[in-house]
Amino acid sequence: MANTRKNAESGTRETRLGSITGYNGTLKELHAKAGCGSLADKGRCFSQASLCNAACALSQLSYITDAAIVHHAPSGCAVTAMQVSNNKDQLASKLGLDNSRSAYVCTDMNDSDIVFGATDNLKEVVRETYRRYKPSAIFIGASCVSGIIGEDLESTARELEDEIPIPVAPVYCEGFKTKIWASGFDAAYHAILTRIVKPPEKKSNTVNVINFFGSARKQITAIFAEFGVVPLFLISNTSIEQLSRLSESLATVSTCGTLGTYLGNGLQEQYGVPYVKSLQPHGIAGFESWLRGLGQALGKEADVDSFLERERAVHLPKIEALKKKLTGLRAVIGMGPGFNFNTSRAIQELGIEIVHSAAWHFDKQYDDGKTPDAFAYQVEHSPTNYNLSVNDLQNHELINILHRVKPDIFFSRHTGSTVWAMKLGIPAICVFDEYAIFGYRGLLNFGAWIHDVVTNRSYMENLSKRVKLPYTDWWFKQGHNHFYEGERAE
Amino acid sequence: MTRIIDQPRYVCALGAMQTVQGIHRGVPVLHAGPGCAAKLAGGIAGSNGDSGYISPQIYPCSNVSETEIVFGGEDNLRQTIENALKVIDGDLFVVLSGCTTEIVGDDIAKVSSEFAGSEKPVIFVETAGFKGTNLEGHEWVIDAIIEQYLVKKGQKQKVKGLVNIWGPVPSYDPFWVGNIRELEALVAELGLTPNTIFGEYRGMENIDMVPAAEFNLLVSPWVGLKNVRLLEEQFATPYLHYPTLPIGAVETGRFLRAVGEFAGVDSARINSVVERHEKEYYYHIERTSDVFLENRTMSRRFSTVTNAADALAITSFLVNDFGLVPDRQYITDATPEEHRERVANLFKQYQYGIEAEVMFSTDGYEIHNDIRTNDYFGPPLIIGSIFEKKLAEELNGNFLAVSAPVKERLILSSSYVGYHGGLELLEDIYTYVLKQFN
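For the protein sequence lines, the chains are V and R, in the order given. So that you can map any letter, position 309 of the first sequence is 316 in our numbering, and since no number is skipped, the others follow by simple counting. So that you can map any letter, position 30 of the second sequence is 1487 in our numbering, and since no number is skipped, the others follow by simple counting.
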């Protein structure tokens, strides 16, 4: 990682971290293979549409309240502007923030641009965007087309920085470059680290919290106040000025290891801001590890311990009571690796058995070169060595698994991934909110939610009785890894 | 001139994947990057959801990577189609190309044609994003179905009274299902048999019947015109182009008369349908007129900021039915140049010589500034997408989102088409108006 920050690009997870999108085996085999260096990615000779890094990179950046995105792309790529259009307004208005200087525009590349290039129009659009919105920074988002025709975003951005008095930063998120959309987080954070963050002038009492949308803002602010620090939730609803001072914070924590690795480790390496390596704050062990890690970074271990002790007394008896109702349920989980391993642990804390886990991709290491804590914890502590596949959001594989395993419940985390279990007659929960299982109280709420969903099965049964799955009978007779290169149905 | 899309309200040609998905058991097979499908669906379908029989995560996709960019992706596409036919239980497989594969020169026509002998039809459409909009892509998909599927099946015996209805664009029109069903219902009331290919319980059976129709009815200002012309050329089927999606009593009455006369329906029958509906419609208008007429905050003048179809339909309703006066109407769907003059003229045919000026623009910033400088002589009513919400608030006006991106409302089966649709549109406009002080 130390090298990539000097480069124009963060590089993909495949090349930088050796991350993979295809694997079939068990939790412990995956760990053994990753450890001995024999973990090879599996290609597929059949695939379904997944997601691209540009969606992750540019939607992250578009939630900054005073930055503009210029997407150097054909019109369709800028569809992200439609997706974030009111979400960012809703979030900003809840906090009373003015985001009128944020924008997301597109250079509308057409067929003549493919032949003649479109750098001149890109420059005009950047100038016009600055004139319109006076943003504090402009991010130029790359696209497949700009990448293939070889548009030089780096020198264009440098040239424009001579004209307009704000950072103009390219974001290298060409969709074809990586199968791992999380590479887009790295591309966005690379632009922030290299073009926005400044060296510290003083230390603040701020703790950076790398997360998505900050739904637990109130709770975390109250908890952190116990330790005398203030959270800064990144990067939605922040300003460029706030981001420029990330180097002054006391520490960085993250609610998703996949999301946080590049920025958290980058701030530590470059500016000595400690990145708390811990479990993420899902459930009991995660909450304790996360806060103790923070306590250690702040030198407030005793304060953290006494806080946790008080909280345990309130919540743990209730969690124990709920656990009795849930023990014995069998679950399948399908999520990105960060949330997957943290959610798996929290589910097991409720007495639920994991019968298959599908991770959208797998990082054998983060940018510090170490195995992700949440994965290592599962390998060491999971009561069973469950089946695990790395799935790249391949619905046909997931449905095949669910059909065969027939769990009591399916946990998902990705747009459009939940209903398919319901159609099979399996109750499902989409754990969209990153704080749905936050701490003791979150685990209690989550357990109650699980209990509700497996108890009242009406929606699922009404739907599943009346629909047909879009797969052939042939497919259900194959192994889920049928299309993996070098493997055939077991 | 700077080419800029600010506040995008349409997507690229590959967005026509939604047209394929709109056909029950139709399967888009994408030869494109890994993110195209999920992103486009997220924007077009937006808060209305997209989990039908299939959805973007079901679409077979070659998920183009650097390997295909360097070495070409035809082998990958071939494998993708071959395995899609084994795995996915569909009736029509439509191969759609994206930017990457068209730039590197993959021959998707050649690869698709290798599957000509398959049990299920495999057709293809070049939908590179840089080539056009999702509305043009929608037309290309329908043309491909006609040319590569229907023409091969040959001419059919015409069925008396059978009418194909075209117009609403699946998913991009958030009311598409309701609008199509309402158009069907209106046509059926005239004693005709409607045939549409999109939505639930329609599919290949309906596509197969397209050449058997006595005429094609296109209800849209420009989208679909080339399709009905192609159908005329291929199957000698005449078409009626009725440009305005009918909302409310005046336009729906005209619509029923135009369709009825074109089909040779007895005028007494048409009149009885119109009269029955008007009785009910004006019963509601009468009993709610106090609300409509005695309001401090309702606008008198309005602008639409939307695609040509919605702009024309809503303007016609608000002017001819509801007595409002139009200010400038902004058409944001990148209407092709060849249609613009004709579309603009459609806004000049209102009663009492009322005309609406039309501006075609894909630049929301420019549109909003233009609206800010217009004088509406009171609070404006702005009907468009979610992008107009803050603008309407800023201008102390009234607001309704009806077209992509809609957001902040859920549309299942509802429709603004027809008599009930007109009342529903009034309900929605006044739901906003009544939140203001009266």
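A portion of the hints provided could be inaccurate.
[Stated by the list, open to error] Derived coverage of chain V by chain R (criterion: at least 3 residues anywhere in the stretch with Cβ under 8 Å from a Cβ of chain R; other residues may be distant):
(1) 297 to 310
(2) 341 to 354
(3) 451 to 459
(4) 472 to 480
[To be verified] A short list of chain R residues far from chain V (calculated; beta carbon distances all over 10 Å):
(5) Ile-1462
(6) Glu-1525
(7) Asp-1546
(8) Asp-1723
(9) His-1796
(10) Leu-1891
Keep in mind that the hints were calculated from the coordinates and are not lab data. Note that CB positions come from ideal geometry on N, CA and C, so glycine has one too.
Hint-by-hint comparison with the structure:
Using a Cβ-Cβ cut-off of 8 Å, 0 residues of the region 297 to 310 of chain V lie near chain R, which falls short of the minimum of three, so the contact claim is violated. Remark: the region 341 to 354 of chain V is not confirmed as covered by chain R, as 0 of its residues place a Cβ nearer than 8 Å to a Cβ of that chain, below the required three. As drawn, the region 451 to 459 of chain V meets chain R at 0 residues by the rule of a beta-carbon pair under 8 Å; below three, the given contact is violated. Counting residues of the region 472 to 480 of chain V whose beta carbon lies closer than 8 Å to any beta carbon of chain R gives 6, which meets the minimum of three for the stated coverage.
Chain V draws Ile-1462(R) into its interface by the beta-carbon criterion, the shortest separation being 4 Å against a cut-off of 10 Å. Non-interface call for Glu-1525(R) relative to chain V: violated, since the shortest CB-CB distance, roughly 7 Å, does not exceed 10 Å. For Asp-1546(R), the requirement that its beta carbon stay farther than 10 Å from each beta carbon of chain V is not met, with the minimum near 5 Å. Chain V leaves Asp-1723(R) outside its interface by the beta-carbon criterion, the shortest separation being 41 Å against a cut-off of 10 Å.
Interface exclusion of His-1796(R) from chain V stands, the closest Cβ pair being 18 Å apart, more than 10 Å. The claim that Leu-1891(R) lies off the interface holds: its Cβ sits roughly 22 Å from the closest Cβ of chain V, which is beyond the 10 Å cut-off.
Hint compliance for this structure: hints 1, 2, 3, 5, 6 and 7 are not met, and every other hint is.
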